[in-house]
Amino acid sequence: MNRRMGLLLGLLLFAGCSGDTGDEGFAGLAGLEQGAVSDTLYLQPGPGVRLSFPADFGPHPQHRIEWWYLTANLETAVGEPLGLQWTQFRQALEPRAASEPAPAATDWPLQAAWMAHGAVSWKGQHYFAEKLARGDMGSAGATAVPFKVWLDNWQLRGNADNDRWHLQAAGDGWSYDLTLSIEGAPVAHGEEGFSAKSASGEGSMYFSLVDIAITGEVTLDGEVLVVRGKGWFDREWSSQLLKTGQKGWDWFALHLDSGDKLMAFRLRDDSGSFLSGTWLPAEGDPVRLSSEELSLKELERRKDVPVRWQLSIPAYQVELQLNAPPGDYLNRGLYPYWESPVNVSGSHSGEGYMELTGYRTQ
Amino acid sequence: MKGLPSLFPPTFHTFFLPGGLLSHYRRHPLQLLALAAMIVIATMLWTGVNHLTSQARASLNQSEQAVAERQQVVRNDGRALAIDDFVALRLAGVCVMPWLEVTPETGSRLVGIDPLAAHCFGAGTGASQALDQPLDGKPFVDVYAAAGVSARESRLYLLTPEATQATDLPGGYSLKTFATSPDTGELGDSFLLNLEALGVLVLLITALLLRAVYLLGLAQRRASFVLLHRFGVSPEQVQRWLVLEILVLALVCVVPGVWLGRWLAAGLGGGFGQALDGLFDIPLYAGQGHGWITPVLVMLAVVVLACLGDLILLRFRGRLSLPVPVRAGLATALLVAGLVLAWLGPSLAWVFGAVALVFAGAGWLTPAAVAHLAYWCADRSQVPLARWRYRELAVLARQLTLPLVALQFALAMVLSVQALVTTFEDTFDRWLGQRLEAAYYIEVPAGADGRKAAEWLTSQQASIPGLQWHRVVRGQAQLANAGSLQVDVFAVSPVGSLMRAWALVEAADQPWETLASGEGGMINEQLARRQRLEVGDSLQLIVGDQPQAFSVLGVYPDYGRPVGEVLLNAETLPETFNIRFESISVSPGEPGIAPVTDALQRIWGVNALTVRDNGTIRELATGVFDQTFALTRAMTLLTLILAASALLMMGWVFFSTRAWYFRLLVVWGMSQREVADQLQRLALLLTGGIAVLALPLGIWLTWVLVHRINPLAFGWSLPMAVYPAFWLELCILSLAIGLSIAALMRRQLGSPAVAPASASALTGDER
Numbered sequence: 001m002n003r004r005m006g007l008l009l010g011l012l013l014f015a016g017c018s019g020d021t022g023d024e025g026f027a028g029l030a031g032l033e034q035g036a037v038s039d040t041l042y043l044q045p046g047p048g049v050r051l052s053f054p055a056d057f058g059p060h061p062q063h064r065i066e067w068w069y070l071t072a073n074l075e076t077a078v079g080e081p082l083g084l085q086w087t088q089f090r091q092a093l094e095p096r097a098a099s100e101p102a103p104a105a106t107d108w109p110l111q112a113a114w115m116a117h118g119a120v121s122w123k124g125q126h127y128f129a130e131k132l133a134r135g136d137m138g139s140a141g142a143t144a145v146p147f148k149v150w151l152d153n154w155q156l157r158g159n160a161d162n163d164r165w166h167l168q169a170a171g172d173g174w175s176y177d178l179t180l181s182i183e184g185a186p187v188a189h190g191e192e193g194f195s196a197k198s199a200s201g202e203g204s205m206y207f208s209l210v211d212i213a214i215t216g217e218v219t220l221d222g223e224v225l226v227v228r229g230k231g232w233f234d235r236e237w238s239s240q241l242l243k244t245g246q247k248g249w250d251w252f253a254l255h256l257d258s259g260d261k262l263m264a265f266r267l268r269d270d271s272g273s274f275l276s277g278t279w280l281p282a283e284g285d286p287v288r289l290s291s292e293e294l295s296l297k298e299l300e301r302r303k304d305v306p307v308r309w310q311l312s313i314p315a316y317q318v319e320l321q322l323n324a325p326p327g328d329y330l331n332r333g334l335y336p337y338w339e340s341p342v343n344v345s346g347s348h349s350g351e352g353y354m355e356l357t358g359y360r361t362q
Numbered sequence: 001m002k003g004l005p006s007l008f009p010p011t012f013h014t015f016f017l018p019g020g021l022l023s024h025y026r027r028h029p030l031q032l033l034a035l036a037a038m039i040v041i042a043t044m045l046w047t048g049v050n051h052l053t054s055q056a057r058a059s060l061n062q063s064e065q066a067v068a069e070r071q072q073v074v075r076n077d078g079r080a081l082a083i084d085d086f087v088a089l090r091l092a093g094v095c096v097m098p099w100l101e102v103t104p105e106t107g108s109r110l111v112g113i114d115p116l117a118a119h120c121f122g123a124g125t126g127a128s129q130a131l132d133q134p135l136d137g138k139p140f141v142d143v144y145a146a147a148g149v150s151a152r153e154s155r156l157y158l159l160t161p162e163a164t165q166a167t168d169l170p171g172g173y174s175l176k177t178f179a180t181s182p183d184t185g186e187l188g189d190s191f192l193l194n195l196e197a198l199g200v201l202v203l204l205i206t207a208l209l210l211r212a213v214y215l216l217g218l219a220q221r222r223a224s225f226v227l228l229h230r231f232g233v234s235p236e237q238v239q240r241w242l243v244l245e246i247l248v249l250a251l252v253c254v255v256p257g258v259w260l261g262r263w264l265a266a267g268l269g270g271g272f273g274q275a276l277d278g279l280f281d282i283p284l285y286a287g288q289g290h291g292w293i294t295p296v297l298v299m300l301a302v303v304v305l306a307c308l309g310d311l312i313l314l315r316f317r318g319r320l321s322l323p324v325p326v327r328a329g330l331a332t333a334l335l336v337a338g339l340v341l342a343w344l345g346p347s348l349a350w351v352f353g354a355v356a357l358v359f360a361g362a363g364w365l366t367p368a369a370v371a372h373l374a375y376w377c378a379d380r381s382q383v384p385l386a387r388w389r390y391r392e393l394a395v396l397a398r399q400l401t402l403p404l405v406a407l408q409f410a411l412a413m414v415l416s417v418q419a420l421v422t423t424f425e426d427t428f429d430r431w432l433g434q435r436l437e438a439a440y441y442i443e444v445p446a447g448a449d450g451r452k453a454a455e456w457l458t459s460q461q462a463s464i465p466g467l468q469w470h471r472v473v474r475g476q477a478q479l480a481n482a483g484s485l486q487v488d489v490f491a492v493s494p495v496g497s498l499m500r501a502w503a504l505v506e507a508a509d510q511p512w513e514t515l516a517s518g519e520g521g522m523i524n525e526q527l528a529r530r531q532r533l534e535v536g537d538s539l540q541l542i543v544g545d546q547p548q549a550f551s552v553l554g555v556y557p558d559y560g561r562p563v564g565e566v567l568l569n570a571e572t573l574p575e576t577f578n579i580r581f582e583s584i585s586v587s588p589g590e591p592g593i594a595p596v597t598d599a600l601q602r603i604w605g606v607n608a609l610t611v612r613d614n615g616t617i618r619e620l621a622t623g624v625f626d627q628t629f630a631l632t633r634a635m636t637l638l639t640l641i642l643a644a645s646a647l648l649m650m651g652w653v654f655f656s657t658r659a660w661y662f663r664l665l666v667v668w669g670m671s672q673r674e675v676a677d678q679l680q681r682l683a684l685l686l687t688g689g690i691a692v693l694a695l696p697l698g699i700w701l702t703w704v705l706v707h708r709i710n711p712l713a714f715g716w717s718l719p720m721a722v723y724p725a726f727w728l729e730l731c732i733l734s735l736a737i738g739l740s741i742a743a744l745m746r747r748q749l750g751s752p753a754v755a756p757a758s759a760s761a762l763t764g765d766e767r
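These protein sequence lines are chains P and Z, in that order.
Take the first sequence: its letter number 223 is residue 223 in my numbering, and every next letter is one higher.
Take the second sequence: its letter number 548 is residue 548 in my numbering, and every next letter is one higher.
You may find that some hints are simply not true.
[Claimed, not checked] In silico SDA-like links for lysine to any residue, alpha-carbon gap of 20 Å or less: (1) LYS230/P x ASP269/P; (2) LYS452/Z x ILE542/Z; (3) LYS148/P x GLY93/Z; (4) LYS452/Z x THR576/Z; (5) LYS148/P x GLU575/Z; (6) LYS230/P x GLU300/P; (7) LYS148/P x ALA88/Z; (8) LYS230/P x PRO286/P; (9) LYS452/Z x PHE581/Z.
[To be verified] To be clear about the criterion: a stretch of chain P counts as covered by chain Z if any three or more of its residues have a C-beta under 8 Å from a C-beta of chain Z, and this derived list gives those stretches: (10) 101 to 109; (11) 174 to 183.
Read the hints as simulated data drawn from the structure, not as lab findings.
We put the beta carbon where it would ideally sit given N, CA and C, even for glycine.
Work out the full structure: start from the sequences and follow the hints.
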């Protein structure tokens with residue numbers, strides 16, 4: 001119990017510390033209890049672990065951390081770009097085997113903490129809200145069949161065929177109500193779904209849905225905007241996402257006008273960085289990109305946050321410039337991080353999303 | 001006439017016209033002074049009441065937030081909350097945090113909270129402040145730990161932020177204050193609402209008085225206006241200058257009036273704040289109320305409307321003048337409609353509207369009714385002098401309409417304020433008595449056993465003369481005969497002399513003795529009304545986990561507290577009762593509090609105790625409430641004096657203009673003394689009559705404030721008390737005004753004759 005309380009207090013403590021150093025982003029949370037006795041009780045993904053559907057849409061209680069993550073590049077009825085994010089995290093405080101029944105809600109169990117983030121970016125304005133809940137109570141959770149992820153009244157629900165989802169979330173001055181049409185099968189990143197996060201083997205299970213047509217309404221300060229566009233959905237879980245010393249990551253998911261898509265990330269530490277990605281050609285199978293095949297360079301910073309990037313994949317003649325639109329896109333929650341849409345120019349044009357964690361101003 | 005202005009150069013209008021207009025005040029400086037004084041005093045009065053009310057309201061709001069800083073969601077069916085309710089509310093998007101209170105089999109009370117659920121409260125707000133404390137079991141722990149404790153009793157509360165509205169909740173739930181000590185805001189709130197209503201009345205009365213004095217001046221200036229008109233000055237030009245004149249005068253007088261009003265209120269404000277701080281142990285005084293702009297603008301508007309409304313209406317006067325029977329009918333209709341609305345009005349707005357209608361109807365009807373009655377009496381009187389007197393009374397009633405109505409309103413207001421203040425004073429006194437029944441209040445520290453203190457105090461009873469004490473235990477129980485309705489439990493032991501001073505609304509024979517023997521319980525007024533319980537009824541309670549039956553021994557007043565409460569003998573509480581609060585109330589007698597606190601520290605093994613000196617607080621609170629009431633009375637009395645002065649001034653001027661006419665009585669053979677006597681009887685008849693007519697209006701206003709406005713605003717009512725002795729005082733005061741007018745007239749009769757032509761200068765040539 002004391003350890004669990006320590007974890008919980010640690011979780012809250014991080015909120016207070018995160019403004020001072022660059023080490024304690026959300027990514028740092030996974031390394032919080034590394035080395036503890038219970039580490040051995042958590043399942044650690046690795047090469048050879050395979051994805052399983054639809055089960056992997058649901059929770060993985062024997063893993064320490066996981067998230068369901070949606071970003072969307074939308075347009076209003078008059079063609080104005082609007083960016084949107086919804087993420088729900090589960091942080092285990094105690095591992096539980098999949099076969100083990102969930103503890104009774106009457107005990108107010110503390111085996112898992114849930115956190116949800118919602119954000120809307122429009123005309124340089126960034127709206128953000130955060131919700132927290134303890135797991136196994138009924139107020140927050142996830143199920144694979146039927147597919148459902150919820151925290152209070154923020155809910156993502158799939159239909160019986162799991163090809164049509166409904167997403168609702170609301171914060172101060174904003175809300176959205178969207179219908180998502182899932183077009184295409186899940187894309188496994190890394191090695192059959194195991195995505196390495198360092199050269200020494202730490203990593204996570206990671207897949208994405210990259211063809212999602214979205215329609216719906218976004219309400220901002222009372223103004224209802226009819227929107228449509230495309231989305232990118234990630235599922236990722238692990239028990240040791242980062243290795244000690246890693247400070248944060250830079251992550252990009254891009255829809256190129258050519259029909260190609262790209263996911264790329266960089267994990268930073270004192271000695272250098274670890275790059276990885278997946279090239280999703282318009283026709284053909286996804287291609288895993290290693291650190292050597294991918295380069296990422298900062299071009300410009302805005303208040304210590306890199307907002308212009310150069311991304312190159314020489315093997316595919318890809319030379320992209322990524323620009324965040326004007327504005328401040330920090331998600332100021334317990335673990336502040338940057339989450340913004342990006343415009344793509346250079347060898348290809350397009351749009352996408354960028355997530356940056358662990359920068360000093362955060 | 002249009003050609004005449006050309007006879008004068010433009011400088012005439014710029015320099016000589018204002019000079020000519022203002023020459024009236026050069027000839028009658030006292031009138032200017034009276035008008036200025038009236039504006040200053042009226043502004044001071046209203047600003048004072050308004051400022052005091054806003055200050056006190058802000059302070060009380062602050063105190064409510066501090067004492068009952070959280071609110072909770074409860075089930076409408078009164079049943080205890082469960083985890084399903086927590087989940088249902090969260091899924092509906094309502095921010096709620098669990099607050100699980102458990103009483104372990106051994107050890108002290110624990111409160112389980114969920115830091116994750118509390119995240120939606122935001123930093124630094126009500127409930128999240130509870131989280132600033134470490135979850136170290138003193139008494140806060142994570143809700144998981146609290147749920148795992150083997151408990152004698154546990155209860156779940158769901159706290160929600162202040163911002164949550166009732167409309168945010170799904171069906172079947174409502175909001176309720178979550179307080180760990182009794183809520184005391186309603187009583188003060190009620191008093192302030194009534195004070196605000198009276199502030200509006202003060203504004204109305206002062207407007208009437210201002211209008212009366214200003215119209216008197218205008219009537220006297222009529223000859224000047226005619227003269228100016230002959231010189232080619234159009235009425236519009238005169239009006240423009242008059243507007244400018246009153247605006248300048250108003251501005252010059254309103255500013256010092258507002259300053260004086262704020263000064264008056266500030267004197268009280270500090271004291272009020274001190275009392276609140278003492279009562280609630282935390283700084284609560286909200287400081288200054290509204291700024292300068294509002295009172296200045298309001299009073300400027302009142303002065304301009306009161307004085308110039310007439311000028312504006314002059315244009316429509318022809319169209320507005322209605323035949324007397326129509327006016328009387330309309331006034332009666334307003335009065336009746338107001339009375340019916342006040343009786344049946346479903347909301348505060350309707351009742352306030354009804355009060356306005358009744359005052360409008362009464363104000364319109366009174367002078368006409370007096371005049372009508374006077375004529376009726378004159379027609380039936382066989383004595384010529386009496387007939388003359390009655391007819392003269394009718395003329396007076398018509399000519400002095402405004403000051404008479406103002407006096408009637410002021411008398412009615414003073415009467416209602418007196419009744420209200422006396423009732424509140426009495427209620428506050430009893431409330432303080434109930435809240436601060438002992439000289440000291442010592443909180444039992446967390447983890448300490450109050451019973452050990454009780455044992456020690458019992459052992460000291462014989463050796464310390466004058467020692468009075470009892471142990472207070474607070475918690476909750478369920479009323480089994482009301483669908484498991486949750487009620488607060490207020491238990492004391494022993495039921496000693498400190499308790500017996502309580503005033504009971506209803507009681508059985510020897511209620512305190514029976515309670516002391518543990519054979520019954522008492523209930524508060526709220527519970528008695530809601531559950532229709534009476535003395536002698538049986539009360540089925542689930543205390544702790546045990547059903548217990550109590551006979552209702554008495555009903556005690558709750559002074560606006562909305563929660564049902566049961567007063568029990570603490571000895572009858574079962575071991576499983578979850579004690580939420582425990583304290584010792586002590587009046588230590590001669591040796592003082594120090595030996596008691598020293599002993600209790602030793603017994604409980606603590607270094608410090610939370611001790612509240614109730615005696616000092618009570619003294620301070622009583623003093624401050626007395627000061628509040630005294631000031632309220634002073635303000636209303638000042639209004640009365642203002643109204644009386646206006647009537648005196650108007651009466652004097654009016655009588656002066658008719659002095660030549662009164663002297664005719666001497667010509668007809670009466671001695672000057674006999675004439676003076678007649679005038680004295682006339683003046684007494686007038687002011688006495690107004691006082692008599694003010695009585696029903698005042699009593700009605702008291703009834704409306706106590707029985708209609710208070711219940712509509714707060715859901716409970718104060719007892720309405722009537723004070724006939726005060727009515728008599730008011731009648732005597734009114735007669736004294738009449739005597740003063742008569743005394744002035746007596747002097748006037750002795751002075752050289754006044755030209756009869758001036759009689760028409762007032763308002764006409766009525767004889």
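Structure-based check of each hint:
no.: 1; hint: LYS230/P x ASP269/P; verdict: violated, 33 Å
no.: 2; hint: LYS452/Z x ILE542/Z; verdict: violated, 26 Å
no.: 3; hint: LYS148/P x GLY93/Z; verdict: holds, 17 Å
no.: 4; hint: LYS452/Z x THR576/Z; verdict: holds, 18 Å
no.: 5; hint: LYS148/P x GLU575/Z; verdict: violated, 47 Å
no.: 6; hint: LYS230/P x GLU300/P; verdict: violated, 27 Å
no.: 7; hint: LYS148/P x ALA88/Z; verdict: holds, 17 Å
no.: 8; hint: LYS230/P x PRO286/P; verdict: holds, 19 Å
no.: 9; hint: LYS452/Z x PHE581/Z; verdict: holds, 16 Å
no.: 10; hint: 101 to 109; verdict: holds (count 5)
no.: 11; hint: 174 to 183; verdict: violated (count 0)
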